[in-house]
Amino acid sequence: MIGLAQVYIVAGLVFAANAALSARDASNPKRWVNAGFWGLLALSMLAGDRLGDLGNGVLVIVLVGVAGLGVLGRGADVDNASERQARAAIHGNRLFLLALIIPATALAGTLVFKAVPELVDPKQVTLVSLALGAVLALGIGLVWLRERPVAALQEGRRLLDALSWAAILPQMLASLGVVFSAAGLGKVVGSLMSGVIPDGSRMGAVLAYGLGMALLTMVMGNAFAAFPVMAAAIGLPLLIQQYHGDPAVVAAVGMLCGFCGTLMTPMAANFNIVPAALLELKDRNAVVKMQVPTALPLLGFNIALLYWAAFR
Amino acid sequence: MNLWVLSGIAVMVAGFALKVNPLLVVLLAAATSGLAAGLDPLALIAAFGKAFNDTRYVSAVWLVLPVIGLLERHGLQERARSLIAGLKGATLPRLLTGYLLLRQITAALGLTSVAGQAQTVRPLLAPMALAAADPADEEDAERVKAMAAATDNVGLFFGEDIFIAIGSILLMKGFLEQQGILLAPFDLSVWAIPTAFAAFAIHALRLWHFGRRRQR
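One line per chain: the protein sequences are A and B, in this order.
Take my numbering: the final residue in the first sequence is number 313, and no numbers are missing along the way.
Take my numbering: the final residue in the second sequence is number 245, and no numbers are missing along the way.
Bear in mind the hints are in silico, worked out from the structure with no lab data behind them.
Since the structure is predicted, the reported quantities are computational estimates derived from the model, not experimental observations.
Misleading hints may appear alongside valid ones.
[What the hints assert, rightly or not] Chain A stretches covered by chain B per the calculated footprint, using a threshold of three residues with CB under 8 angstroms from any CB of chain B:
1) 7-18
2) 214-226
3) 271-280
4) 302-311
[To be verified] Derived SDA-like pairs (lysine to any residue); straight-line CA-CA distance at most 25 angstroms:
5) A:Lys31 <-> A:Ala21
6) A:Lys188 <-> B:Ala72
7) A:Lys283 <-> B:Arg110
8) A:Lys188 <-> B:Arg110
9) A:Lys124 <-> A:Lys188
Cβ atoms here follow ideal geometry from the backbone N, Cα and C, with glycine treated the same way.
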C-alpha cells in the first residue's frame with residue numbers, strides 16, 4: 002500500500018540531492034553547513050523510523066545547532082532573468098499546462114484513490130496525490146523542456162536556499178505543540194480562561210470560549226490543538242451542558258474562531274512565515290500583518306454567530 | 030495548578046521579539062515548559078524526537094520544489110505576468126477576489142492541495158498580482174505579494190471546513206462522541222457556511238479598499 006512511507010522516501014531523496022549539490026556549490030561560503038543541514042533532514046526522512054525516539058531527539062538538536070549556530074548560507078542563483086525571459090518566449094503558454102499537472106493530479110487522486118483503499122492509504126490520499134503530481138510533472142517537464150534531472154534539482158536547491166531554516170520551522174512548531182500538550186500547558190490556559198467568566202453570564206461564557214479559542218490557537222499555532230482544551234474547559238461544561246447550547250454550533254463555530262487565531266500568529270509558520278520566505282519578503286511577519294484586519298472582524302462575526310445560533 | 034508550564038510561551042515571545050533564530054527558540058521553549066512540568070531531560074529529548082518524527086509530513090511537501098523551480102527556470106513567472114498584463118480588466122482586487130472565491134470553492138469540495146503557497150502563490154498568483162498592481166516601489170511590491178499569500182490562507186481556512194471529511198470536522202466529531210454526543214459530520218460542516226460567506230465579504234471588501242488606497 003502506498004502511504005506516508007513512500008512520500009518520505011521521495012522527500013528524503015530530494016533533500017539528499019540538495020545536500021550533495023550544496024556541498025559542491027562553490028558560490029556558497031557556508032556550503033558545508035548547508036550540506037549538513039539538508040543531509041540531516043534527508044536522514045530523518047529516509048531513516049527516522051529506525052533511529053528511535055532518543056535518536057530522533059538528538060538529530061533535532063544537531064539540526065538546530067547547525068542551522069542556529071552555523072547560520073545557513075545561500076548559493077548563487079543558477080540563471081538570470083533575461084535567460085528566463087528568452088525561454089518563456091519559446092515555450093509560451095504551454096508552461097501553464099505543465100504547472101497544472103500538479104493540481105490536476107491532486108484532484109484526480111483525491112477522487113480516484115478514495116475508491117481503492119487497498120492501493121493508497123485512505124488517510125494520506127492528499128499528500129500521496131500531491132507527491133505523485135510533483136513526480137509526474139517533473140518527469141513530463143524534463144522530457145518536454147529537454148533538461149537533465151540535475152537542472153531541476155539545482156532549481157530546487159535555489160528555492161530551498163531561499164527558504165533556509167524556515168523550511169523546517171512548521172515541523173518544529175508542530176513538535177513543540179505536542180510537547181506543550183504533554184506538559185499540560187493547554188489545561189492551564191483553559192482553566193485560567195474559565196476562571197475569568199462571571200457566574201451565570203452566558204455572554205461571558207461565549208466570549209471566553211471564542212476569544213480563548215483564538216488566543217490558545219495563537220499560542221499553540223494550531224486550532225486542532227486548542228479545540229479539545231477549550232471545548233473541555235468551557236464549551237462542554239458551560240455552553241452545552243449548563244446553557245443547553247447546540248453542540249454542533251458550539252463545536253463548528255468555536256473551531257472557526259480558532260482559525261481566525263491561526264491567521265494572526267507567527268506560530269502557524271507553514272501558513273504565515275513560510276510564504277514570507279517563499280516570496281522573499283524582507284519582513285518575516287508581513288503576511289500575518291496583512292491578515293490581522295481580516296481576522297479580527299471575522300472573529301467578531303464568529304462570536305456573534307455563536308451567541309445567536311447556539312441558543313436559538 | 031502549575032503555572033510554570035506557561036514559561037515556554039514567555040520564551041517564545043521573548044525569542045521572537047529579540048529575533049533569535051526561531052529554531053533555537055522552539056527548542057528552548059520546549060525545554061522550559063517540559064522541565065517546568067517535571068519531565069526528565071532525556072525523556073524530554075525523546076518526546077521531542079518522537080513528535081518530530083511523527084510530523085515529518087509537514088516538511089515532506091517540499092518535494093514539489095524541484096519541479097516548481099524547473100518551471101520557473103523556463104519562465105513560468107514571466108508568462109504569468111504577461112498573461113495578466115495582456116488582460117485589460119485585470120485589476121488587483123478583481124484578480125485576488127477571483128482567486129479567493131476559487132480557493133474557497135475548491136477547498137469546500139475537499140481539494141485543499143489543488144492550490145497552495147508553494148504550488149500556486151509563488152509561481153503564479155504573486156507574479157500575476159504584481160503585473161496587475163504595477164507597484165510603485167519595493168515596499169509596495171512587498172505588500173502586494175503579502176496580500177496574495179494572505180488571500181490564499183483566508184480562502185483555504187474558510188472553505189475547507191465545509192467539506193465533511195476534513196481533519197477538523199473529524200476531530201470535532203470524535204471529541205463530541207467521547208462525551209456521548211452523536212453528530213453526523215454534515216451537522217458540523219453546515220455551520221461553516223455562514224462564516225465562509227462572511228470571510229469572503231470581509232476579505233473582498235479589504236481587497237477593494239487595498240486597491241483603491243494604492244491608486245492614490
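Status of the hints after comparison with the structure:
| no. | hint | verdict |
| --- | --- | --- |
| 1 | 7-18 | holds (count 6) |
| 2 | 214-226 | holds (count 3) |
| 3 | 271-280 | holds (count 9) |
| 4 | 302-311 | holds (count 4) |
| 5 | A:Lys31 <-> A:Ala21 | 13 angstroms, holds |
| 6 | A:Lys188 <-> B:Ala72 | 21 angstroms, holds |
| 7 | A:Lys283 <-> B:Arg110 | 22 angstroms, holds |
| 8 | A:Lys188 <-> B:Arg110 | 49 angstroms, violated |
| 9 | A:Lys124 <-> A:Lys188 | 29 angstroms, violated |
Checked against the numbered hints given earlier, the structure breaks hints 8, 9 and satisfies all the rest.
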